[in-house]
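Chain residues, written in single-letter form:
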Amino acid sequence: MRRGRIPASTLTGRIVFLLPVAVLFVMFFMYPFIFTLVTSFSRWRGIGSMKFEGLGNYAKLLSDPTFRLALRNNIIWALAQGFIQVPLACLVAMLLVRRPRGWKFLRTVYYLPNVISTVALAMVWVAFYNTNGPLNIMLSKLFGSPMRNWLGNPGTALGAIIFQTVIYIGYFMIIILATAMNIPKTLYEAAEIDGASTFQQEIHITLAMLKGTLVTTMTLAMAYGIRHFESTFIMTGGGPAYATTTMGIDLYLKMDALRYSEASTAGVFLILLGTLVITLLRRIFGTDDPMSDVAQ
Amino acid sequence: MALCISLCAFAAGAAEQKAQEEIVLHWASIWVGQDSKAPACAELVAAFNEQNAGKIRVVVDPQPDYNAYEQTVRTSLAAGSAPADIFTIKLNPTTELFYQSNLLLDFNSVMTDDWKATFAEGTLEQSERDGVLRSLPMETAILPIWFNMDAFKAAGYDELPDTWEGMLEAFEALKKVGYAPTSQMTGDTNAWTSMIWFSHFAVANGGVNVWDKPFTDKAFVDAAEKIKMMVTQYSTSDAINLGAGGSGGHFLAGRTAVFSNGPWYAGRADLAQTPFFSSIKIANLPGENFNISRLQANICAAATKDKAKLEAEVAFLKYLTSAESIKKIAGASGAFFAIKTDYVPFASLPAQFAALAGSGAPTAYDLEAALGAEATLEFTQQLSALCLGQIDAKTFCERVEAKIDR
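Chains as they are written, first to last, in this note's numbering: chain P, 54 to 349; chain W, 641 to 1046.
Honestly, the hints are just simulated from the structure, not real lab data. Ideal Cβ placement from N, Cα and C applies to all residues, glycine included. Keep in mind that the hints are not guaranteed to be accurate.
[Said to hold, decoys possible] Capping the alpha-carbon separation at 25 Å, the derived lysine-lysine pairs in DSS-like fashion look like this: (1) K1043/W x K113/P; (2) K980/W x K730/W; (3) K104/P x K793/W; (4) K113/P x K730/W; (5) K967/W x K756/W; (6) K921/W x K793/W; (7) K730/W x K958/W; (8) K921/W x K815/W; (9) K1043/W x K858/W.
[To be verified] Per the computed footprint, the stretches of chain P lying under chain W, defined by three or more beta-carbons under 8 Å from a beta-carbon of chain W, are: (10) 121-131; (11) 144-152; (12) 247-255.
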């Protein structure tokens, strides 16, 4: 068999195996994506024919103060997810990997919020932040603080929603923990013989070995931040005065008002922004393929 | 043996032919599950199916989540198909875009004089756009103000004040005895209870045709000032960004003395269990003689070239919109309909609603029904900004005006 030539039988086999996925990919990603792209350059409200609009929807979107606010909030979300949630998850994973007493129970407890409905948890947080809710009662008793409307104040609403996502660190913790548990013990033993402290071992061995996984989890976390929707929509609906709105909510509300073209434009913008964030992460952390850990 | 096989084959063929003749209509119904109209509707469908056995069969596709259902209707029509043979919409300036779709039946093409006569005065015209009638008016509502008279009595008022100034004094008195006077809210996508209050203020200022004026008109600016006062001075401290559940919850818990909603709220079991249930009084703003109303649900049918199916759709809708059917649904639910019946509610709250609705007072739409979803959403978000002091009433009105699709 000559190099560079694929035997027909192998090619046929590959096509047969790839076909189901390819069909699904074209049907459920490529077609909707191309349709969204086309719609974003047109004027269409869901009924009747589309009219070509050129870049009009994009110009309108970028000059829309609500969308700019949503973009700002999504960037805050992405940064908070990537630089608060992932480091916290990493810290917990680094503690649990040393297998302290009850570590398996703690691992389950940390992961538990991820198997509970986001809607149900969001409702619990709404009650928690209520003017007469547990948080205000606690702060009032401890510090004599006045009762605050945490979700009704633009100064605190976004922070309050982002804070509640801390309970979801278990998702990233599990990924990081899985990698951390596979770090050879011999590395730690050698470092100990060389006189390295526990802190030095964590910095120079654990974190160094986790680099690829951390880039992966950060990519996942920031991508989530960029497309965030559910809990904010349930907790505040994007209010008050659009203070917590996100691009996802803006897109949804545009669809609600039958502004499909503008919603598609927001959708395309969301995809482009997500791609940009992933590319930037790859550049910054110098990893050729941040998803390599997942691929392995 | 051969004879048996032949007979079986003949019977099977006959059954198949019968099945082919039977027309199946799918009704994407929101009147299911916990909805107060659900039991009566289920009975009506069962009775219709029995009367038309072998000819027409109505299958109910339950739609218990109204918001999700509205999305289904929108996406289905955008994708080029009707969501079901029979389905409902909330007709407003946003959803009237559906009228441009040929997927919906124009009822004017099948409307008969006797069918037309069953609908209340003006409701068919309200459902018509440019001479096209793609939905029939079904559920209607007036949206008055609800007063817990036990609370007013505790504040020293046996009767409701008959002037707005008097009402403000009563609110102050209510505050002194521990009540947050009103259940305002600026959350959800329509700031429901505050939107109703705002509609009352706007119509009181500018008359029943106020929605034809630009939103920057003085009538709206003054209404904005009043609603700001209601939210910031005469409501609960969590009113900013509060949802309808929270707003209603405050009233049900007896924390607030004044509320606003449609007749469907009167049938709630948790309302009936409140100690002040029998003291609730329904009225409009003091000194005003108009009703804020809306078409709550219009019913549509899918356009079809199949003559038999079209006849089946019309037959079912004639049955559903008959005075007899509506009387059954209204009696069981307390809801109001655009179809004339001799039904007179006897329970206190529905009777008060009926009296107010039948008072002959002029009517005006509420903001959402008049201006559509997008303007209402902007109203909601900017209401928070207004009440937080981020913008003034004039800016509030300018921002809402910018979102009105005229």
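**Prompt:** Between K1043/W and K858/W, does the CA-CA distance stay at or below 25 Å?
**Reply:** Given pair K1043/W, K858/W holds - Cα atoms ~18 Å apart, limit 25 Å.
**Satisfaction of hint between K958/W and K730/W, Cα-Cα up to 25 Å** = holds, 20 Å
**Message:** Using C-beta distances, would you say chain W covers the region 121-131 of chain P, given that this needs three or more residues below 8 Å?
**Reply:** It is violated: at least three residues are needed, and the region 121-131 of chain P offers just 0 whose Cβ sits closer than 8 Å to chain W.
**Prompt:** Okay, the region 247-255 of chain P and chain W, do three or more residues pass the C-beta test at under 8 Å?
**Reply:** As far as the region 247-255 of chain P goes, the hint is violated, because 0 residues have Cβ atoms under 8 Å from chain W.
**Request:** Starting from K1043/W, check that the Cα of K113/P is at most 25 Å away, please.
**Result:** holds, 13 Å
**Prompt:** Holds or violated: are the alpha carbons of K967/W and K756/W at most 25 Å from each other?
**Reply:** The hint holds at about 17 Å.
**Prompt:** Within the region 144-152 of chain P, is the number of residues with a Cβ closer than 8 Å to a Cβ of chain W three or more?
**Reply:** Per the Cβ count (0), the hint is violated.
**Message:** Hinted pair, alpha-carbon criterion (25 Å max): K113/P, K730/W. Please report holds or violated.
**Reply:** Given that 25 Å is the threshold and the Cα spacing comes to 29 Å, the pair is violated.
**Message:** Tell me if the straight-line CA distance from K104/P to K793/W falls inside 25 Å.
**Reply:** This hinted pair is violated, its Cα atoms lying about 62 Å apart.
**Prompt:** Holds or violated: K980/W with K730/W, Cα cutoff 25 Å?
**Reply:** Status holds; Cα separation ~20 Å.
**Asked** Keeping to a limit of 25 Å between CA atoms, is the pair of K921/W and K793/W held or broken?
**Response** This hinted pair holds, its Cα atoms lying about 12 Å apart.
**Prompt:** Are the Cα atoms of K921/W and K815/W separated by 25 Å or less?
**Reply:** holds, 19 Å
Violation of the numbered hints given earlier is confined to hints 3, 4, 10, 11, 12; the remaining hints are satisfied by the structure.
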